[in-house]
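Visitor: Here the sequence shown stands for residues 285 to 698, numbered as in the numbering used here.
It should be emphasised that the hints constitute simulated quantities derived from the structure, not laboratory data.
Quick reminder that beta carbons are idealized off the backbone N, C-alpha and C, glycines included.
A hint or two may mislead.
To be verified - Calculated pairs, DSS-like style, for lysine-lysine (alpha carbon to alpha carbon, straight line, at most 25 Å):
| # | residue 1 | residue 2 |
| --- | --- | --- |
| 1 | LYS405 | LYS668 |
| 2 | LYS405 | LYS477 |
| 3 | LYS405 | LYS678 |
| 4 | LYS668 | LYS365 |
| 5 | LYS405 | LYS365 |
| 6 | LYS584 | LYS451 |
| 7 | LYS405 | LYS584 |
| 8 | LYS668 | LYS678 |
What the hints assert, rightly or not - Pair ranges (Cβ atoms, derived):
| # | residue 1 | residue 2 | range |
| --- | --- | --- | --- |
| 9 | VAL294 | VAL329 | 37 to 43 Å |
| 10 | PHE677 | ALA375 | 25 to 31 Å |
| 11 | ARG407 | LYS536 | 27 to 33 Å |
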Amino acid sequence: MVLPFVLMLVAIAVMPLIHPHWWEHHHPKVATVLAAVTVTYYVLVRHESMRMIHLAHEYLSFIVLIGSLFVVSGGIHIGVKGESKPGLNVAFMLVGAVLANIIGTTGASMLLIRPWIRMNKYRITAYHIVFFIFIVSNVGGCLTPIGDPPLFLGYLKGVPFWWVLEKCWLPWSASISLLLGIFYCFDRINFLKAPQEVRSAETAKRSFSINGLRNLGFLALILVGVFIKHPMGLSETVMIVAALGSWFATPKQIHEQNDFNFQPIREVAWLFAGIFATMVPALDYLEIHASELGLNSALKFFWLTGSLSACLDNAPTYLTFLAAAMGRNHLQINDPAHVLSFVNLHAQELVAISLGAVFFGAMTYIGNGPNFMVRAIAQHAHVKTPGFFSYAFKYAFPILLPIFGIISLLLFAR
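Assemble the whole structure, with the sequences as input and the hints as a guide.
Guide: Have a look at this one:
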């Protein structure tokens, strides 16, 4: 029953390369058919209808959150004039990494990707998009539960809100510093190779303007919705109201300036519907066989949680390994008192699971929701982006794995 999930991943990786036009029009059908196989098995064979209903609610919550952030951020236009230099690019990305912890990696990505493309329009390359995904869409959001979905799920289970900031600020600082340093080297070389007219003082004259600030109120409303736990459905309703309010309150001119359309969120919605459904057997297998994986150290939790977060959605992967870690200590993940006890007594393991889930979400396009959306927006703006395998093997593996190796040795080797 893991086969539909494998086929889903293969289709996402291969079809855009061998038959992009067909995939563009038929990926909803592929996702629906593969999801239907898994759902039918769990409903008719395993008689777990309620579990599938619960899964549908999780998916709905996920897509409403990123969809509402997509709509609201699309109503804010950050106007940029002049070509950016490497130093300003680094500062912009650092702001994005911090902002990711306030409005989430999805919100920060959707707000900043368009101005990021505009401010580098004369020399935009694939690595500009890749490093944006690394820093703003993933690694930057590991300091608060708002930052990334896995951490928010941990907060809902009972992990104190400020615990992540207290325990993860040092690896966050080290990782962001290393990524920004590497990016600066890439960007400096690119800038020096640019034509003289691009590097001229006249072209480099920069100005920024922001329109649509009324949408900050709708962003705040979405954040309020994030913290509503009961009654069921109220949180999603608040987010939908915020998205609708933003859509009707934003002047058409701003949407046109942002070249706003719903294609990126439609693609993400279909693909993640397939991923959410088909990954259930894979997660079940991990949970059943967790004791056989030799998970007896924070180092192993970091790498195994991370490795699977790269090819599964990182939020359920986080919960799976948190449950496995707590189960080793005879604790139940659905008991907030047990979770708090685990936080106090086994903090290093929880840090490893948290960092593994958030950081490794940057390893592939499917590791975290914003990755696909950033790529889709960049492609719509006619920016060249790497394919699935090129992203992983040309950029993510050689750049991220050494950094994560350094972090794991410093934090977990003992």
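Visitor: Take the C-alpha atoms of LYS584 and LYS451, compute the straight-line distance between them, and say whether it is at most 25 Å.
Guide: Measuring from Cα to Cα gives roughly 18 Å; hence the hint holds.
Visitor: Do the alpha carbons of LYS668 and LYS365 lie within 25 Å of each other, as the hint requires?
Guide: Holds, because 21 Å separates the two Cα atoms, which is no more than 25 Å.
Visitor: Is the hinted range of 25 to 31 Å satisfied by the C-beta distance from PHE677 to ALA375?
Guide: Holds - the Cβ-Cβ distance for PHE677 and ALA375, about 30 Å, lies within 25 to 31 Å.
Visitor: Given the hint of 27 to 33 Å, check if ARG407 and LYS536 actually sit that far apart at their C-beta atoms.
Guide: 31 Å, holds
Visitor: Tell me if the straight-line CA distance from LYS668 to LYS678 falls inside 25 Å.
Guide: This hinted pair holds, its Cα atoms lying about 14 Å apart.
Visitor: Does LYS477 lie within 25 Å of LYS405 when you go C-alpha to C-alpha?
Guide: Holds, because 15 Å separates the two Cα atoms, which is no more than 25 Å.
Visitor: Hinted pair, alpha-carbon criterion (25 Å max): LYS405, LYS678. Please report holds or violated.
Guide: Distance of about 23 Å is within 25 Å: holds.
Visitor: Does the Cβ-Cβ separation between VAL294 and VAL329 fall within 37 to 43 Å?
Guide: 24 Å Cβ-Cβ, so the 37 to 43 Å window is violated.
Visitor: Given the hinted pair LYS405 and LYS668, is their alpha-carbon gap at most 25 Å?
Guide: This hinted pair holds, its Cα atoms lying about 12 Å apart.
Visitor: Would you check the hint for LYS405 and LYS584, treating anything up to 25 Å between C-alpha atoms as holding?
Guide: Roughly 42 Å between the alpha carbons, so the hint for LYS405 and LYS584 is violated.
Visitor: Mind checking the alpha carbons of LYS405 and LYS365 for me, to see if they're no more than 25 Å apart?
Guide: Holds: LYS405 and LYS365 sit about 10 Å apart, inside 25 Å.
Comparing the model with each earlier hint shows violations of hints 7, 9; every other hint is respected.
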